[in-house]
Amino acid sequence: MKPAPFRYADPRSLEEALDVLAADPGAKVLAGGQSLLPLLAMRLAAPATLVDVNRVPGLDAVEVTGDGVRVGALVRHAQLLRHDAAARVQPLLARATANVAHPAIRNRGTTVGSIAHADPSGEMTSVLALTGGSVTVTTAAGRETVGWQDLFVGPLETSLSGGAVVVDAFFPALPERSGTAFAEIARRKGDYAVCGAGVVVTLDADRRVSAVRASYISVGLVPEVHDLTEAVAGKPVDSADWAAAGALARTLVDPDSDIHASADYRRLLVGVLTERTLADAAREAAERTAA
Amino acid sequence: MTTKLFGEPVRRREDARLITGRGRYLDDLGAGALAAAFVRSPHAHARVLDVDVEAALDVEGLVAIYTYEDLSGPMAEPLPVLIPHPQLHAPRTGYPLANGVVNHVGEPVVMVVATDRYVAEDAAERIVVTYEELPVVVGVDAAREARAWVHEDVPDNVAARHHQETGDVEPALAAAPHTLSFTQYIERSACTPLEGKGVLARWDADDGSLRVHSSTQASTSVRAAIAAKLELSLDRVEVIAPDVGGGFGVKIVHPWPEELLVPMAAIRLGREVKWAEDRREHFVSSAHERQQRQEITVGYDDDGRVTALDVHVWHDNGAYTPYGIIVPIVTATQLVGPYVIPVYRVVVESVYTNTVIVTPYRGAGRPQGCYAMERTMDRIADALGLDRADVRRRNLITPDQFPYDHHLTFQDGRPVIYDSGDYPGLLDKLVALVGWDEAEALRADARARGKLLGVGMALYVEGTGPGPYEGGHVQVLGSGKVLVSTGLTSQGQGHETVFAQIVASELGVPIDDVEVHTGDTRRFGYAVGTFASRAAVMSGNAVALAARGVREKAIRIAAEVLEANPEDLEIDEGLVKVKGTPGASVPLRTVAVLSNPLRYAFDEAARQATQFAGPGDDSKPPVAPGDAPGLEHRDYYSPIRSTFASGAHAAVVEIDPRTWEIDVVRYAVVHDCGNVVNPMIVEGQVHGGVAQGVGGALYERMAYDADGQLQNASFMDFLMPYASEVPDVVIDHQETPSPLNPLGIKGAGEAGVIPGTAAIASAIEDATGRRIASMPISPTELYDLMRDETAERTAASQETGVPA
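Here the protein sequences come in this chain order: A and B.
Going by full-length UniProt numbering, the first sequence opens with residue 1, and the numbers climb by one from there.
Going by full-length UniProt numbering, the second sequence opens with residue 1, and the numbers climb by one from there.
Accuracy of the hints is not assured; some may be wrong.
Cβ-Cβ distance ranges computed for the label pairs, FRET-style [unchecked claim]:
| hint | chain 1 | residue 1 | chain 2 | residue 2 | range |
| --- | --- | --- | --- | --- | --- |
| 1 | B | Asp28 | A | His102 | 51 to 57 Å |
| 2 | B | Glu438 | A | Asn107 | 22 to 28 Å |
| 3 | B | Gly21 | A | Ser262 | 39 to 45 Å |
| 4 | A | Ala98 | B | Ile640 | 55 to 61 Å |
Please keep in mind that the hints were generated in silico from the structure rather than gathered at the bench.
Glycine is no exception: its CB is placed at the ideal position from the N, C-alpha and C atoms.
The following block holds chain A by itself, in its conformation from the complex:
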């Protein structure tokens, strides 16, 4: 379990990093390393060059505005988890990062790196999708914004080219009269979830349900957002049938089986977690829709 030989680049600017990446199609960006280094150690990945961006300035900020939260490429999960201003604008960020692995991994691993890694078992890929987020991608040709729908192609696969650096991820603010919740079930605390669910409930001015969206962890090959509104549309928040939304969710997902859980069991959990998280999210939405 020792990596194959690789070249190591330690650029001090984004331009320098892009140059190294452009020069070597086999290069890979290293940020927190919590997914990449085990892959190297097991020789499941053998990039010719590692471009360690940890010394590139300007990538470690969390910017919070009324529109949302912009998370720099070197922001660690732990930093986002503790970020009160970010949590006020988009509560899903702290709720989801609390479920990312264990403290040691959260201290090192980066939120943007987790997104760029595009693991459907990762929490933050789903959160990006659920919030309708995007990433900022820099290449030698310039900067562009890539929406989450265009980013995730398959498990561990994005639409980005090898020469690109994801410099930040943007999570739009929680809409008004909305609430969120996030929950997951793992075999052991901190493990990749067997199934996880993040939800957003939005009410109208009469505290009736106007929109319900959900996204799941470890369910499907890429993050998806499911609209569950029809199960509870127009119902008063206090009497909406969240179980009906859970039942609807079960019909929309297409999970896989693995050694930890069958597809049927994952579908069961989608229903239960949907129902439970929606009840919590609705309570929050109701509080934020105070008369």
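Please build the complex by placing chain B on the supplied structure of chain A, with the hints as guidance.
Frame of chain A, contents of chain B only:
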């Protein structure tokens, strides 16, 4: 008065060193040594057609490549069958490097030696081995059906048929008022010590000697194996077990291929060579345990008393049988537990599969035996509508029945005779500790919170401290330091502390003066090893006997110096003194100096001692016949048979009836290991054992697919429980001393793991009303069971209406 250290919760003196990074584990040694890496079989069963090393030869830093063709003499022969047995009729072992056929994924085929491990792996990756795949046998049922064979000359896949009976079981079953029969399964898990195996070897060409460090549980035996296989004289080989980061059984197996190959390379290359096993290697090339299919028929009367028991076990022994049939024998003989079983027959068929070998893992066959017996008790209770605790109580051996002879033959070839115990006492304490009689209230409370609650219990008796022997050496230096040595190794259990406690108590010295050395063949040549819950029993008694020898000599010498009667002397706080006469004393360190008639006054101790030295008797030699210079003694403890520890566990589980998550909310242990040397260490052993028991019941398994590929060979997918998954454990002690050894102690190392699977299965069954006949069980499996209309329901569930 000297603090009586025996029995006190003395803090582990090794911990400060081990937890602050000052331990010396295998991979901490040998900086600069060459590194070995292995090309291992990617196939579960295949013929090796060709090994092409060409592409590896130009890797910079490559030093050597070895294949089977490079082995000669005893190294080219199969690895030894360590423990042969007449009922092991078809033993098979592998070779240090594969000879023509591989029988499991992970079997070593090529050894690469290079300047470091990175380079060695680079070279290994380039070696091309061509295989012809053969049919694969995975799992005990496939082995039993024998549609394919692991070894072509063992066409039924049966390595051994172990059989014991205490009477004529068939008429006894025919005469029984009731019988029931069932089949159940238990899966594989593994020791998974945090430190894998590892070997470091250094050859001294000048004096033709080999020094080997190995992360082993049996350094003396590794030494003998290396000497035999590499054709060296035993006196030219030293083996040292440094700090060992856990073993749990896997490191008692020897010699591992690497323990022979690394020294072989060191000799051939004339350079230090090291191999430190990585985690994936440990999963696929060390050892596992526990998979069995158990077919049980029991006869019992109206009160639930067992009248006859007939058990047929199919035991998966993996690809080879280097450790003989120890695990099957332990299952067969320990299955009966604390119960009177009037007529018992057991057959264990040990079968080959194309998977990693099966050798003892903490508990070593006992968890399976306990699972068989305890689930039988649960079924009897269910069939008769009786309380599970009551049925157990009616079957227990009572305190007046000791010594109790089961008329079985144990793993050491000695009779299974329980030396002492109080099993009703254990059960009563357990019932009180866990709140067994309040289960209905707990159940109602859980139900109000939307949870299903169940309680389960399991009892066990564990043969511990098998022989043949261990030795101890105690020496008092002129400085007052007391050196203690035993050849038995440590794997982190706290031997430095408990052996020091025993010697300090026996000798009457402060514990800080005592220094303990273990597992070093340079200090102690004769030893067996740390396994089978035997360290405290065997080496504990041996060092006690050695300390008593030193004490006797010290008192004899001091009596002369103090002109006192030896009977009037005592040793306290390192001072030999006349009882009741203040001031009449001589320090033990001075006695140590006086014990050696050659007393050059190199130091203050020797100068001080001269004032006590008498003029000497010209008519006698300075060292009397039969005496020896020095204040030291070596002694051995060899038991007549094993001593039998016992215990009772209970688990309370809560299950979420929507997600089927299983939470152990209370876990109670009543434990009896005779006299306790250090209750803090015993409780630590129990905690660790319970953690592994919970792991084996709810989390861990070896997920082999039909091709023999282990799909979870990492700590990401092999679910060893974290602290967050291990319940708080409440412990109550009972001490029934062993009459078999001087200290009255019994082993405690394995106990905590034994009843976990049985107790948790029972609790889940109680909570769900569904028969649990396959362990471990995960939420996804429980969900499948709950929605299976054909799944068997317990009688209790039908009466009480436990929800579906």
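Could you tell me which of the hints above the structure violates, numbers in ascending order? Going through the list in order, the structure violates hints 1, 2 and respects the others.
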